Structure formats: C-alpha cells, structure tokens
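Colleague: The chain contents come next:
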Amino acid sequence: MASNRVLVVGGGLAGLSATMKLAELGIPVDLLSLTPVKRSHSVCAQGGINSVNDQTRQQGDNEWNHFDDTIYGGDFLQNQPPVKEMAYWAPKVIDLMDRLGVTFNRTPEGFIDRRRFGGTLYKRTAFAGATTGQQLLYALDEQVRRHEASGLVKKYEFWDFLGPVLDDAGRCVGAVAQDMVSMQIRSFPADAVVVATGGCGLVYGRSTMSVFCTGSAASRCFQAGAKYGNGEFIQVHPTAIPGADKLRLMSESARGEGGRVWVPRKPNDTRPPKSIPESERYYFLEERFPKYGNLVPRDIATREIFNICVNEGLSVDPNRMCVYLDLTHISRAELDRKLGGILEIYEKFQGVDPRDEPMKIFPAVHYSMGGLWVDYEANSEGGLVPGSPRNQCTSIPGLYAIGECDYQYHGANRLGANSLLSCIFSGLFIGPGIVNWIKSNKASADLPKSLYERAVGVEEARHKKLLSNTNGGENPYLIHQELGDIMTRSATVVRYNDQLIDAYSKVTQMAEQASRCSLADTGNWTNQNVIFTKALQDMFPVAECILKGALMRDESRGAHYKPDFSMPSLTSTDPAARRREAEQWCDAFDENTRKYLKSSVCTWKGNEPDLKFEDIDTRLLPPRPRLYGLVGAEVIEQVWKERAEAKAREKASAPKELVGSA
Amino acid sequence: MIASGPEADQKRRPSKINVRVLRQDGPGLPPYWERHRVDYEPDMNVISVLQKIAAQARTSEGKSVTPVAWDCGCLEEVCGSCTMVINGRVRQSCSALVDRLLEDNPDEIELSPMTKFPVVRDLVIDRSRLFHSLKRVQAWVPVDGYYDMGAGPRISRDAQEQNYPLSQCMSCGCCLEACPQFNKVELQRNPGESDEDFTKRKEAAYETEFIGAHAISQAMLFNSHPVAKSLEKERMETLTSTGGIQACGNAQNCVSVCPKEIPLTTSIARAGRAATVYAFKKIFDR
Numbered sequence: 000m001a002s003n004r005v006l007v008v009g010g011g012l013a014g015l016s017a018t019m020k021l022a023e024l025g026i027p028v029d030l031l032s033l034t035p036v037k038r039s040h041s042v043c044a045q046g047g048i049n050s051v052n053d054q055t056r057q058q059g060d061n062e063w064n065h066f067d068d069t070i071y072g073g074d075f076l077q078n079q080p081p082v083k084e085m086a087y088w089a090p091k092v093i094d095l096m097d098r099l100g101v102t103f104n105r106t107p108e109g110f111i112d113r114r115r116f117g118g119t120l121y122k123r124t125a126f127a128g129a130t131t132g133q134q135l136l137y138a139l140d141e142q143v144r145r146h147e148a149s150g151l152v153k154k155y156e157f158w159d160f161l162g163p164v165l166d167d168a169g170r171c172v173g174a175v176a177q178d179m180v181s182m183q184i185r186s187f188p189a190d191a192v193v194v195a196t197g198g199c200g201l202v203y204g205r206s207t208m209s210v211f212c213t214g215s216a217a218s219r220c221f222q223a224g225a226k227y228g229n230g231e232f233i234q235v236h237p238t239a240i241p242g243a244d245k246l247r248l249m250s251e252s253a254r255g256e257g258g259r260v261w262v263p264r265k266p267n268d269t270r271p272p273k274s275i276p277e278s279e280r281y282y283f284l285e286e287r288f289p290k291y292g293n294l295v296p297r298d299i300a301t302r303e304i305f306n307i308c309v310n311e312g313l314s315v316d317p318n319r320m321c322v323y324l325d326l327t328h329i330s331r332a333e334l335d336r337k338l339g340g341i342l343e344i345y346e347k348f349q350g351v352d353p354r355d356e357p358m359k360i361f362p363a364v365h366y367s368m369g370g371l372w373v374d375y376e377a378n379s380e381g382g383l384v385p386g387s388p389r390n391q392c393t394s395i396p397g398l399y400a401i402g403e404c405d406y407q408y409h410g411a412n413r414l415g416a417n418s419l420l421s422c423i424f425s426g427l428f429i430g431p432g433i434v435n436w437i438k439s440n441k442a443s444a445d446l447p448k449s450l451y452e453r454a455v456g457v458e459e460a461r462h463k464k465l466l467s468n469t470n471g472g473e474n475p476y477l478i479h480q481e482l483g484d485i486m487t488r489s490a491t492v493v494r495y496n497d498q499l500i501d502a503y504s505k506v507t508q509m510a511e512q513a514s515r516c517s518l519a520d521t522g523n524w525t526n527q528n529v530i531f532t533k534a535l536q537d538m539f540p541v542a543e544c545i546l547k548g549a550l551m552r553d554e555s556r557g558a559h560y561k562p563d564f565s566m567p568s569l570t571s572t573d574p575a576a577r578r579r580e581a582e583q584w585c586d587a588f589d590e591n592t593r594k595y596l597k598s599s600v601c602t603w604k605g606n607e608p609d610l611k612f613e614d615i616d617t618r619l620l621p622p623r624p625r626l627y628g629l630v631g632a633e634v635i636e637q638v639w640k641e642r643a644e645a646k647a648r649e650k651a652s653a654p655k656e657l658v659g660s661a
Numbered sequence: 000m001i002a003s004g005p006e007a008d009q010k011r012r013p014s015k016i017n018v019r020v021l022r023q024d025g026p027g028l029p030p031y032w033e034r035h036r037v038d039y040e041p042d043m044n045v046i047s048v049l050q051k052i053a054a055q056a057r058t059s060e061g062k063s064v065t066p067v068a069w070d071c072g073c074l075e076e077v078c079g080s081c082t083m084v085i086n087g088r089v090r091q092s093c094s095a096l097v098d099r100l101l102e103d104n105p106d107e108i109e110l111s112p113m114t115k116f117p118v119v120r121d122l123v124i125d126r127s128r129l130f131h132s133l134k135r136v137q138a139w140v141p142v143d144g145y146y147d148m149g150a151g152p153r154i155s156r157d158a159q160e161q162n163y164p165l166s167q168c169m170s171c172g173c174c175l176e177a178c179p180q181f182n183k184v185e186l187q188r189n190p191g192e193s194d195e196d197f198t199k200r201k202e203a204a205y206e207t208e209f210i211g212a213h214a215i216s217q218a219m220l221f222n223s224h225p226v227a228k229s230l231e232k233e234r235m236e237t238l239t240s241t242g243g244i245q246a247c248g249n250a251q252n253c254v255s256v257c258p259k260e261i262p263l264t265t266s267i268a269r270a271g272r273a274a275t276v277y278a279f280k281k282i283f284d285r
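Respectively, the protein sequence lines represent chains F and D. So in numbering that gives the first Met the number 0, the last spot in the first sequence is 661, and the numbers never skip. So in numbering that gives the first Met the number 0, the last spot in the second sequence is 285, and the numbers never skip.
Chain F extracted, bound-state conformation:
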C-alpha cells in the first residue's frame, strides 16, 4: 500500500492518537493543524481520565458500571455500542498512556493514584497534577514526533483545513487546505480523511476553549454534506474564572479533591468569606444532593449555581455573578501536589491565592457533546466490531470524525474525565477500520488531477472574493462579538422558545452580514484577518444547528434545559396521592422518551440546516429517569422499579409464545 496516505486534520489527543496508530500500522500520515500540535486545545484539560481500576474493581466496580454511569450521566442520548466499547477499553488506554511515560500522580507505593469525579461514586480518575490533558497530549506528541523523525508522518502546522474533496460518487478522497503563512491553497489527496478538530466554543464568543475551537472545520464538512448531530447539547461547566478575553476553566478536580461550593445564607453579605461562620454558609450542592454532594453531574451543578445567583440573589459579588469554590480547608502541601496547575492559573489571573481565599467562580461554555454524526458497527455483545470501516465514519464515506468534533460518546451531558478517554479511544480504535476502508477502495493517487484542481479553484475564488470585498463595510471581529452574545444569552443554561426563535432569526441575518465583511488586511502573507473571517462565516451553520436543535427539542435533557417543558417535582404530601402523582410522572416520562429520546440530526440545505430526529440504539440499557435532587424521587424510583420488573417478567414469558412464528 505504498501509495496510500491518510490525512489527519487536528493534532489534539484524538488526532495524535489516530496518527500514531496509523503510523504503527504502516500507513503514511499527513497531519494538518492550525497550530503546532503540541499547542492544541487538549492542553487545557485539567482533571483527569476515567477507567475502572484494580481498586474500584474490589469495591464492586467494573466496566459495565462505567458504561452505565456514562449513559445515565448523558441522559441516555447516546447510541450505546460505542460507549460500551469505550468503557471496556478505558483501562487499556490508561495502561498505554502509562507506558508512554505520562507522569501520572502516584500513591506512596508507586501505583497510579485516582481521584473521584462527577457523576460516579468510584475513584476512577487517573491524573497528572491538574494538567492531565497537557501531559497526555505531550506523550502523544512525542510518539508522533518519533514517527515524524522516521519519515512516516509529515506535519503541516499552521495550515487551515478548508474542506473535504469528494469524488463523483461522493466519496472523500482528500482535502483542500491553506498555508496560514504563505496563504497558498493546495489539495491533499488522501485515501481517507480524519477530522479531529475539537469543539465549537468560539460560537459563544468567550468560553473555556482555545482560540482554535471555532467549529469551522466541522462546519466545512457539514456544508460539504456530512450530517451534524445533537448540536444543541453544549456543556456549560459549573466552575470557571470569568475573564475579559476568556473564561478560564477551574477543573472539577478541585471538587474531586474536596472543594466545597457555597454562598453566604444572607443575600449581599459583605463580610470576607473566611469570617463567615460555618452555620451562616449555604453549601447548597451538599444540602440538595446529599448522595453526590459537590460532585453531581455538570449540568446539574451548573443549573444550581446559575439559579442561586440569578433567581435566589445569593451571588457573592455585587458586581458580577459568582459563588465560592472553597479549598482552604485542605493542606497546602496536598493542594500543591494534586491541584498545583489550576491553582496557579487562578493566582496568576486573579491575583488571589486560592489556598488562602475561596475562589470566585461561575459557569462557562465548555464542551460540545454534539458534533459530526458518525456511524458504528455493533457486535453481538453490543460493543463495536473492531476494524469495521463504518466505525467513526461520517455520512460521507472516507471522511471520519473523532474526538470532541464527533457526537457519539457523551449524549446530553458529558461526565468529567470522560472526554480525554473518548478522544484517545476513538483515535486508537479507528486505525484498523481505516486500513480496511483503504484496502477496499481505489487509491486517491489514481484519481484524475482535475478533481483536486477544481476543489482548489473553488477555495481560491472564495479567498480572492473576500480580499477584494473592500466596500462591504462589516467588521468580522464585531460580528463575532455579537454572535457570541446572542448565543450565550439564548442557548446556554436555561432556554426559552421565544428567545430561541428570536436568536435564530438574528443569527441567520448576521450570517448574511458576515458575507459582506471587509478586511483590514488584504495582503497575502500571514493574513490572520482573512483566516478569522472564513472561520467566522463558517460558525453560522453550526450556530444554526445549535439553535434549531434547541428550539425543536421541547423537553429538558442533560445540558438542554427548558423550564417550560421540564418534568415537575412531586407536590403531594399524602402518601397515596404522592404515589398517584409518581405513576403519572412515570407515564409522562415514558411519553417524553418516545417523543424525544432521539438524536437531532441536521443536514445542510445550502442556506440553512434541515433537522430530523433519529432513533437511538438503546439495546443494552433501557432508559430510566434521571432523578438527581427531584422532590419525590424515592416514590418515582419505587414506581419505576416495579414497572421495570413487570416489563422484565413480561419479556421473560414472551419468547415462548413467539416460538414457531419466526
């Protein structure tokens, strides 16, 4: 297969693990990235990476539980086979990263130390201080450099992916990209293209994401015909440090290591936090969620913090909304060993030492659960068929998506420390499938040159048009700011249909406005102005998927919360009435599941997305209510359990009647 090549776009955890696995399988790889791959956004991941381990196993944990937590935490919105496969691979992924030299924190005896993360009761999370993403990325970067030194990998850093190249049959046979230094546009013929281009946080203006995370690469695939799934599911992280240019993440590991979230019970209490006595502090997560405490899943923690500031008026700062995240009860030595990296970030950017003073934090847009729709091939045990070319393949044959830019693993809400896992897992797992895809297809090297020339021509025309558009009058940076404001207001923690309708119409207007951008730089050397403007224009299709999905999904699920369509708490105090309410609640839940336990899948129609709901593969775990903190949860749970048992009995007796009819 000497003439075969694969193009990997994006050099974060997913892109690098795919690259090194393909190199191991002997496939030459072109690795294309907006930035030197060592600087990819994965460096910002802090807390850790999840897997079942020897210790949790002996406490009753196993891979199935990790799978179950991930599905339950994601509110059942995932197709289950890929998630199962990931959970079962997790211990192997951590073993591999350990062998690659990742400096995981160690127990006194020299084993990998673990911490607890949200949405689980087990200590599954391996970590390297509070810079786990950085440490994992560096280990993969080193391996890829090794393959680069041996000549199997060729890096194209500071290159912008402009879109896939499709042949006449609609198969992806390469891509067009632009050198961000010389501005040269050229094609990259490839037998398969893997996009591993991360999330789309910049659609919201400020988020916890890096400046590269515009979503434009995914959008370019989407506009070329790839489907986009579950766009409306955007994770808002409960704890971030507000800033003028960026909302900096304060990792969940701060709570995993014992950090406590609180506000003074008295509104507008101006006393310094340390002088407020314990009895006058409201540890609202611990009080409302006694089982999980500060480690409830992210969507729940975010809503509670938002609610305590917005609706209950208990923000700790009169000028901006925030709550305390308190670590001051933990010893400095322990904090430095386990959380050093993130505490330094707080100290550097806020000028306050969080070892002495509680931090002030507020939720921020953090992760895109949705992304490019991808396929999978399930095996008889409900996991995946290894080596199947269908795994991670977008709706364009030969175009693969992995990592945060696919929609596959996290459903309606991602559990902390599962993203690093999904990135590395999907990157490693995809390798053999791509090899099989290549084997069964005509090599891109044998395709006519004109196919690529045509694709380059389209992009050159777009580029030239932008540079020559001197009297359009629109400023791309200001449009971006406005887009961010609209998206943040209408499609984050709490969503209302009237606001979404309004936002959608504004955003479609702005998309048109963005096409009239005039550039302050019309040169052809390191023109960041034109690169940014293209990215901005391509944010709109993604923004429209997010808004349309949010609008059409009249329910609350995970990160998508619509008060007008939420399942209420029980109100009766009389046991019999409460029981009746619980029965009705379960009926309503079933009805909602039938209607909305579906992926929203968008197709680009030239100027706007067309949305269809698609069934979800729940072959392993039947959906059940997610009841964190709901009043009356015990009764609902009881009713639910009885119904489930009844169903199971029915199922057990059913096959006998069916014998002979098959």
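These are calculated hints, taken from the structure and not from any lab test. If you're wondering where the values come from, they're calculated on a predicted model, not measured in any experiment. Glycine is no exception: its CB is placed at the ideal position from the N, C-alpha and C atoms. Do not rely on the hints blindly, as some may be mistaken.
[Said to hold, decoys possible] Here are the in silico distance ranges between beta carbons for each label pair: (1) F:441 x D:144: 50 to 60 Å; (2) D:260 x F:568: 45 to 55 Å; (3) D:87 x F:148: 58 to 68 Å; (4) F:317 x D:272: 50 to 60 Å; (5) F:317 x D:144: 52 to 62 Å; (6) F:332 x D:144: 33 to 43 Å; (7) D:42 x F:441: 49 to 59 Å; (8) D:198 x F:604: 36 to 46 Å; (9) F:612 x D:87: 39 to 49 Å.
[To be verified] Here are the simulated DMTMM-like cross-link-like pairs (lysine to aspartate or glutamate), alpha carbons at most 20 Å apart as the crow flies: (10) F:153 x D:233; (11) F:347 x D:195; (12) D:199 x F:156; (13) F:347 x D:102; (14) F:464 x F:178; (15) F:153 x D:196; (16) D:134 x F:147; (17) F:122 x F:97; (18) D:281 x D:233; (19) D:201 x F:473; (20) D:201 x F:481; (21) F:153 x D:195; (22) D:51 x F:580; (23) D:199 x F:178; (24) D:51 x F:244; (25) F:464 x F:511; (26) F:153 x D:192; (27) D:51 x F:473.
[Said to hold, decoys possible] Coverage of chain F stretches by chain D, computed from C-beta distances (three or more under 8 Å per stretch; other residues unrestricted): (28) 85-98; (29) 132-139; (30) 243-252.
Based on these hints, arrange chain D on the given structure of chain F.
Modeller: Below, chain D alone, put in the same frame as chain F:
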C-alpha cells in the same frame, strides 16, 4: 487582598492605553514601531489589547493599518503560543495583565517579537528550531507499539514528583530568548525553493547550533524514565557534540524566566555530570 470600592478603582484607571508595537511585514524586511491606542477595560490582558488593535486596525494617529499579527492559543498559559517580549521581558501575553503592566509603566505597553527566532510577521515568529531540538534528543519513550501490553513500570512518588515539573515544559521558548548562548539562526528562502527543501536546509542548520535549556531538560526527563533510558547513549551523544551541553555558559537566565518554574539549571547540572561520565566511558570503552 480585599478589593477596594469601585470609585477608588475608577480614579486609578486610565480611559485609554497606549501601546507601542514593533512590526515587521515579513521575513528579512525592516522592523518599524507603530503606536496604537485602545479603550481601557477592567481585567484586560495583552491578548485583549491585541484583539482590540485587530478590531480597530487604526494607529493612534488615525492611520488605517493591517491588524497586528500574533500567535495565541489557550489564553491560560499552558500552550506556549503567545510568547513575546513585553516591556522588555519575555513572557506569555495571556498572563501579562494590563493593570499590572500599567503599575510598572502607566504611559505605555511595549510589545515586540522574540529576538532569537526569525520573524514571520509582526509578533509571529518561527519556532520550528525548538521542536527540532526535541528530535535531536529523542525526547520520547521508545515503546514497542500501541497494542495492549498491560501497565507501565511502577514509578515511585518521588520520581513522579521530580519528573512532573520537567514534563510541564510547553516549548514556549522563554529560556532560549533569555539565553546569551542561544543565537538566532535565520535562513532566507531561495527563489523557487520548495517548502520541503527549505525545511531540510533549516533543519541542517539547526543541527550544529546550541540545543538550549528546554531540550537538555527533556533529555534528563527521558533519561530518568525506566524504558526511555534505553536511548540514554544516543541522547548523551547529542548533548556532548557540537551545540550540546558544553555550549551552555551557565548564565542561569533560563531558570529565572521560565513561566512554569521548571528547574532548568538543575537539569543542566545533571546533564553536565552525565556528560562527563559519558565522555570517560567513551574513552575507556574504545
């Protein structure tokens, strides 16, 4: 530590910030200073200043200009992208807070590109040499492959605590900018030269130049790993050849400018001792 009232703050805040940027339109072209003025806002950093400069694209004299080009990524000082020289000091522009800079010099903020790397444009520089150095010291664990082979070797907590700080190096280049022994290598592209040929020629030029503190430290990190140790000889060969450890003049600037406070001079001292041992071994093994 206690925040003063908004009124007291207001008095100290200027309404505008003056920024002086050293610009350069492309490789080999003459650099020139340009003044910009942007609105002050609370909690600004140099990134938000540069964002404003890009959005207005106009000098303080009102002349329309192209936006200043600069590199940035994570904006929280873990990616290393946005390194530049700010008021004479090399650092990341994301963690350079405007209020702090104005305390030192209320009149102006001065931005210029790093001087030890070729300028691509304005504040964007070409740091490919830095990554090439990581190849020179083979900064990786030479594992058999990526199949499941069980866990890695047991590592003591002490070893992890020694290695983790070294592993936090984000290849920003501050240590190289501050080093008196690290000199700029700048090649001009020949007419008609392809990207590949130009890269090859650059890499050949890097090969004999000083490798720098960051790469020495990475060599020590991997030499202390139970498996990566197997390449110790090759790494020591690099460190004892031209551009290796002997080029270090022990100025100790590297450690004082490292934003991650990596104990670079400790790594250099370790490398120096290892180099001596290696040189002796080489003589006696002959």
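Colleague: For each hint given before, does the structure comply? Return the numbers of the non-compliant ones in rising order.
Modeller: Violated hints: 1, 3, 9, 10, 11, 19, 20 and 22; rest satisfied.
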